[in-house]
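Protein sequence lines, in the order shown, are assigned to chains A and B.
The first sequence begins at 768 in this note's numbering and counts up one residue at a time.
The second sequence begins at 14 in this note's numbering and counts up one residue at a time.
Please keep in mind that the hints were generated in silico from the structure rather than gathered at the bench.
Hints are supplied without guarantee of correctness; some may be wrong.
Stated by the list, open to error - No more than 30 Å apart at the CA atoms, straight line, and that leaves these computed lysine-lysine pairs for DSS-like:
1) Lys-864/A to Lys-463/B
2) Lys-397/B to Lys-853/A
3) Lys-853/A to Lys-543/B
Unchecked claim - Derived list of chain B stretches under chain A, where covered just means 3 residues or more per stretch with a C-beta under 8 Å from a C-beta of chain A:
4) 89-101
5) 378-389
6) 396-408
Cβ atoms here follow ideal geometry from the backbone N, Cα and C, with glycine treated the same way.
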Amino acid sequence: MTAASKRTLRTVLLGMAIPMLMGAGDQAARFNDLGHRMMCVCSCNQILLECNHVGCTYSDRMRAELVAAVDRGDNDDLTLQSFVQKYGPPVLAAPTKTGFDRVAWIVPYLALVLGLGLVTFIIRGWRSRPLVLPANAPVAVHGVELDRFRAQARKETES
Amino acid sequence: MSQIGSFALLLALALTAYSFLAGILALAREGPGSARLGETARRAGIASFVIVFLAAAVLVTAAFQDNFSIAYIFHHSNRDLPAPYKFAVLWSGQEGSLLFWSLLLSAYGLVLRLRYKTDPRLFAHASIIIAAVQVFFLLLLNFAAHPFAIMQGSLPADGSGLNPLLQYPEMVIHPPMLYLGYVGFTVPFAFALAALIMRYPGEKWIHITRRWTMVTWGLLTCGIFLGMHWAYSVLGWGGYWGWDPVENASFLPWLTGTAFLHSVMMQEKRGMLKTWNMWLIFSTFMLSIFGTFLTRSGVVSSVHAFAQSSIGDWFVAFLAIIFVTCLFFYGKNRSHLLSEHKLESLVSRESSFLFNNLLLLVACFTVLWGTLFPVLSEWVQGTKVTVGPPFFNRVNIPVALLLLLLTALGPLLAWRRTSTESLKRNFRVPALGALAVAAGLIAFGMRPWKDVAYFYSLMTITLAVMVALTVISEFVRGGRVISRHTGQNLLASMVQLTRRNTRRYGGYIVHFGVIVVVIGFAGSAFNQDKEQEMGFGDKLTIGSYTLVCQSYTQDDNPNYGSEWAVMNVFKGGKQIATLNPERRFYKASQQTSTMPSIRSTVSNDLYIVYEGQNPDTGRPILRAHLNPLVMWIWVGVWIMIVGTVVAMIPNTVPVRVMAPVRVQPAPVGAGD
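Isolated chain B, as found in the complex (with noise of 0.2 Å):
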């Protein structure tokens, strides 16, 4: 069976190689005989999907069929493996991930060649980009990290069985869409520098990418949560988010692709920020590359990692070859860039974008330089320092204010000029709203005075109700106008100017997504814990819960054992509910690992987690954790993706724009 899995690695490298070699050819020569070898490397390029989706295909049978022969099978799978989780062994390791990462890159590249008569020309030159970047993958995997390897002496009974910690069901579906996220950048980034190699005239390409970076980026929102989710659910120490590398690693690409969405819209509109645009889409690829990098050089410590391995060389060359690349054709080509228009006023549209840009943008570096400055402190003075939660939550935080504040005057401000009567008139009910509201957060007890998290948890509630009433000022005023023309009530007013505009209001829609999901940030501020030795009958209260132990119970099935109380959680002398912390030890792996227990309802999260045993007295130890608003981000996370799914809809009523009449001047003399 290996022996399948490494030809079949071998034959689409050679087929990738072909569709690369052959593509160029073809575009390179003039003649009858170029579209045919086009059409080959095309060809090649399909047949390359199906030969790495067999590669993948081997390797997940390998995993059902317990063939520990395979050091990857072994080394991350065994016997008792529930089978959703074998299917996770495709991505669990090294190998197989890179293995995932290609075949995931082999599927776009079939989508995009399969649209191929779209625009021919276009689409040849980003497949062959396409071609590139999956050559290297597949050099990785047949010379660097091979997932057909063969174990070395006797064949193992059993396997070492896959980490415990991946063993819970959203690990099925977490790795695949952040992988879509990751990889799904290849396409707009082959589409931008396809676009600058040939010159391309027109802005066809930059719809085609913008769509692309709309899917992709929805895709990268969807694994960036569904991974703080897991997080939260799993590892036990009550939060979501730790600023660790890997994360911050998704997160990077997940930021230039943010503002890239924002500001493609003026070199649609306007012709504007070309150059930045291209350079924004390079970059943001750079960054997943970078990413898939930090995850598996070893270059800096995370929780999350790969073992440590000499793919690093790898995808620092592989990185320097992107950007010299890029910066030869833009070298090159850069005239093609020009703008067409000129920025009319500061109070506009352009502006406001621009600024979201930079903010994108800085909020970006800073999590960088973080999560680099670890390995430049043991270059420069011989000693490691960790950058962790406290200095980026410090340097972020304000930025991410500012953010929010744009969020909230962006809509507001009209393309190339706003007056600034306009924009009071339009702001003044926002503005208020937030008053009133941060008001009331105080007046019912909240003291932003007494900590610095309690003040940014204010800002941050006193902006997102800004932006919210901005969101809403604007659905209710264009639904208005629809309502006055047609009758219809003010609600079917709005779906109506949704599905006119669904660009505009799907990304409304994501706004205020994001707004209730840092609503759900700023509740963090307020979380409490306590950790509490719990015998039978004993009790813990938290805020306004109290947990009573009523009793400890034990299981066992053939890939793990367990340990669990049973907790009766109380509000106000009432029994609302019964939570029951896990503890379970893997067989296969030999480790141990926490199940939280969570109570999940619009105000707070109460999470139980069964610790273990006191050494001393024997005496389980249980830790509660109270956090506030936590819900509201997996609502806001739903809400961003309606927007996204929304904004990727056309219109029902195609906007038209009124061409001006061309009035031919009169010849002199004419009339005499």
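Only chain A is shown next, with the shape it has when bound in the complex (with noise of 0.2 Å):
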């Protein structure tokens, strides 16, 4: 790997970093958050703040609740644990990060990672290949020629 590729390395897996280590930070702002990684209960499908439902017996109460626990310094873990013990496990908007809730969050990263892995296999089978040309394919160019043809498909091409 050269110097080059290192440094465009580190710059992505600092960029992907970046937002992992960022959090909310006031009262208001961790109500905000909170009640966006909670579904209201109601089976309406809808996240928690964003409920809408007219004459909803839920969200108002589940709203309330949240904003008890923010105003009493409950941790978020604590509170999104209280809110999974009243009303199950469906009220969190996303799968945990704990037993196999995990499979959920890593799949999509491990099917890019292998995504890469057979593009990257695919590449080099390419690379390495013979030729397989049709039958009645033109005759291949080669040398002066060949960069004739270049050289004119860059003019025609380019600027």
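If you follow the hints, you should be able to join the two separate chains into one complex; please do so.
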């Protein structure tokens, strides 16, 4: 790996790490953050803070409970856990990062890594594979003639 | 009337089955009779369109006649339903929408069968495959989800009415667009499978398939964005995309279709990725069937889903048959799909398409995985978990950002290989421009380190600017060359450039539309909302707007009763608008719905919802959302549509490639 590639890789990794290291700050932001990490359980399939069902019997109560938890200073995990105990696991808008739920988070990234591996494998295979030409294909050109065609193509397609 | 409809469906099934079987026999048999048999199969296919159209017309007529003896009409219409929505009855329920599927498929089949002279044998194969798909849907309609089933017991005086959420003008065009997209993927699938079955020589089939895919992709894009606009304008939660399973179902074939539209260029230009493209088209079709299955089986819960029913099993069986068929013919004829060229360099257009495909497929897999994970979780640990927006956003946004980066780089890469110097030279201006915009945004108060959403938003806008500058530089560079040769001004030269290679420059216009859309998405990081009880004269301030409640008023019509607020909107102390958020009570269905009022500008949308009355105080509650840059999404879609249309227009000046003159080698000894 060249120095430039290493630098690029470090920059990309840093770029990916920044969002993971950042978090919400004050009370209102915490309420907003937690409220968007939970679902309303009135079977509307909406995020708690976005439930707009007329006469919904759950969202107001749940929002009030969330305000109380944030005011008490409960940490995020404790708050979410108390909602899970009261309303069941579907109250969380995303799988947790424990137990089998972890699989939900790992698999997409694994797919990306495997996909990258597959594409690299395909490219390597292509580069090392002998050329297969159809029977009636034009004869390949080489050397000076090839350079002339390349120059012509460049001239016609670039500037 | 129901007997006419039922008979039409049976007749359509018989005709389509005949078209399928006679088509196969005609292709399998040699001899003079086979051409005549093939012709009867083609004509039966054409006739099936007429008969399915008749069945659909009967159902719509029954809706207009308030014929509640038909159970479907009773459940989805009522006497006072406005006329345009009586058309919408056709696709508003399970049975009707399957009939609509079938109608669109037979219409696509009609076009294909009328154009058979383009390549009779290829079209005959494709026609059989379309007939096979049509047989499945007609079997469903005749035996599992009959739209003309009769009401049991005494005849009801009025129907239950159409779902209030569907009573919105866009619902008259959104489902047809979406279905045209879904169903349309049957055609490229049919051509691809036909080409594989017959080991089609040459690349003509891929040109036909690409054109159909582009049309279908364009329609699906329209359908998805109309759905988003409908959700935004009607559902009243202030957003346009909720990662609902049914929304995801429409997004899946769109992603693979997009991947195909890119990778197919490698097959056309370089004879590469033949297997990949074949499976991309197969997957796109299977995903559109899978989406239909998700919507109708009740396997995942969704606000959009049709009633749960047993037809899910039919779809599973159909999907299995499609997969096995594709696998069988692929196994049999895969030697036909060998690449003609090899990759020469990693820094090339070919590589960029490969990585583009990888990212689109990872996004597709992620959406599919997230949609199905609740089912898997319930199966493994006995507990259903929710996989909602936080999951999809977190997993998909990084992939989308990488895709944006690739969209900026891709056009700068040449086929076969690109020199590093050329890449640096062409990339310098877009990169510096994007960095300047990012610095400007930070200078104007954007704080990406404060919240991950702000960080993603800044990255999105930065990369979008980079793509925009790349696209513009491509137009300018090409335009300058023409301008030098013709003496025209730059704008006219760019128009001529586009007309000379509509596909390439139409594609760039689509890319430009995409970045306008994603800038609109980036605005959502800065959404604000506020809820307040509001009596007469009360004020609510959100962003730079102040809302003052002037009054509440009521109205009544045969279909619904409504009450709405009259809200004066002030900015900088000056009244700039009056908004009327509304609540409706639909009489037939006895359901209430909200109708937000939106003031849309280039910088933000002021979105007001009349939520109802506080049961304790009796005072009206209003919720105000301030959603930045939403208009960019709708403008971006129009640009994407324009780009798609441009890409489908034939080039005015054909691109001529000079064939190299074959010089016969002189015989040994010549000239001696």
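30 Å Cα cutoff - pair Lys-864/A, Lys-463/B: 23 Å, holds
Pair hint outcome, Lys-397/B versus Lys-853/A [Cα-Cα no greater than 30 Å]: Holds, at about 15 Å.
Three-residue Cβ test at 8 Å for the coverage of the region 378-389 of chain B by chain A: holds (count 5)
Verdict on chain A covering the region 396-408 of chain B, criterion of 3 CB contacts below 8 Å: holds (count 11)
Cβ contact check, 8 Å cutoff: the region 89-101 of chain B against chain A, three residues minimum: With 0 residues in contact (Cβ-Cβ under 8 Å with chain A), the coverage given for the region 89-101 of chain B is violated.
Given pair status - Lys-543/B, Lys-853/A, alpha carbons within 30 Å: Distance ~27 Å between Lys-853/A and Lys-543/B Cα, so the pair holds.
Against the hints set out earlier in the document, a violation occurs for number 4 only.
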